[in-house]
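*Asks:* Chain by chain, the residues:
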Amino acid sequence: MTDATNEPAPAAEVGTATKTIGDTLLDVKGLQGGYGQIQVLHGFDFTVAEGEVVVILGANGAGKTTTLRALSGMIDASGSVTLEGEELIGKNAADIVRMGVAHVPQGRGTLPELSVEDYLLVGAYVRKDKEVAADMERWFEVYPVLHERRNQRAGSLSGGEQQMLAVARALMSRPRLLLLDEPSLGLAPLIVQDLFERFHHINEETGTTMLVVEQNAQLALSIADRGYVLESGTISIEGPADQLMHDDAIRKAYLGV
Amino acid sequence: MELFLARLFDAISNGSTYALIALALVIIYKATTLINFAQGEMAMFGSFIVLVLATEQGLPIWIAVILGMLLSAVAAAGIERVLIRPFDPYDHLPLVIVTLGLFLSLTALAGIIWRFDPRAFPRMYPAGTAVTIGGVNLSWYTVGVLATVLIVAGLVTVLLNTTKVGLAFRAVSSNLESSELAGIRVGPTLQFGWALAAAVGTLGACVFVADPIRQLEPTVMVRVLIFAASAAAIGGLDSLWGAVVGGLIIGGVQSLLVPYTFIPNEMSLAAAVVVLMLVLLFRPSGLFGTARVERV
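Here the protein sequences come in this chain order: A and B.
Numbering-wise (my numbering), the first sequence opens with residue 1 and increments by one.
Numbering-wise (my numbering), the second sequence opens with residue 1 and increments by one.
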């Protein structure tokens, strides 16, 4: 497994990506799934290319979280989901992590009793190389507040810090694809702004592919290359992020203007 | 004074054995937030195996104990795989019923194999007096039991805090789903918890019946389990050292509080539970338990 080694891009303005987008990494076709008898996802297609940031917008109940849970093997799903040609449907969550998909669940999914450092080690659980400590230092540089709190219990961190920790935990697995489930949920606007700027820089610097589901359309589109709009379990609109940002229907529905 | 010291030494030796079983309960509780009602009977079964290894196979007692602990661990891993894992870990009632069923079947099975007659258990510690304090003899048994519980609690702490499987265990005990999303295989990690708890439990039962005043029989652990569960709850259910302290407190209730307050000896089980209620009234998560506080 090799990390995409993009040239360190000059600190670009948010939203004006200058990086290179590669081949299709994630290819989703006819995705269906739900909980027990209730079907939430009614069969839709989307793709994410290597190095891309893709956002899925949608209102409450549209199926955003369910989509991510289907991708990471947390619910039963049907259809086809391939990561560089390898099928994910039918695999269990622990195996999907080993294939390079890291999922930051909604509500941050921290392990409140563990220290910050131990929580990051849990993120590296699937790795067998010797660079875990070096990676940890690296994410401590990106998120210095985590370094300050390295020995504190994860549950004692503020909401914003827990979100950073959850993202750093996922990055510790050196994922090929990072799934972010509503990272802005329940956080103050300034903290959310900062969080998304860091996502943008991490994507630029490491080339980590990201699939973000969000209700905060403006911010999510500002760091995304492309976007999809999910409505009642199917995709209704798709396009490049800047085009969606100026789409009248989306502006009315999600941007409040 | 002499009577007090004698009772204090009793409190330590009883309390330490409760602490060992409480440790086993805490290990499984940490993993599953479940009290394993069969823990005492699993331990009793394990100590019968130790007895067979030591008396019929003629192994030195400590070799027999360690082998018995390993066999208990393997058996518990099998029990977890066959009887526990098929059930939803979030739905506790079926699991509680499974452990109750296990409790009854293991007692019956031990009765069928070894019958219900009490049997003498080999000595695990030197006979006689280690030291005489204030005219009261402190036996090697009491010293040995206390040392055993401290060493076991220390080893388990090191195992959970410094190894990769320990990290996985702590992650799973904190949140099943988040652990799964980090790639931890939850089933085998819980199985590790069951195996570890069974090994510690078997040691606890052996230590308990190795007291020269006691004998091994299939129902020997029933009372002990209630004392041990109270001890674990006083300590906070998810704290290893809390279980040790809780065990010693329960030992104190039984051997110091009950005789000095003229509570009939038959009521010592009830007294233990009353102390437990008082602790939980003022500290709902026990003395050392993790309070469930979440920031959102």
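Don't read these hints as lab results, they were simulated from the structure.
Treat the hints loosely; a few may be bogus.
Unchecked claim - When the alpha-carbon atoms are kept at most 27 Å apart in a straight line, the in silico DSS-like pairs for lysine-lysine are as follows: (1) K164/B <-> K91/A; (2) K29/A <-> K164/B; (3) K130/A <-> K164/B.
*Asks:* With reference to the structure, classify each hint as holding or not holding.
*Replies:* Hints, verified against the model:
no. : hint              : verdict
1   : K164/B <-> K91/A  : 24 Å, holds
2   : K29/A <-> K164/B  : 37 Å, violated
3   : K130/A <-> K164/B : 14 Å, holds
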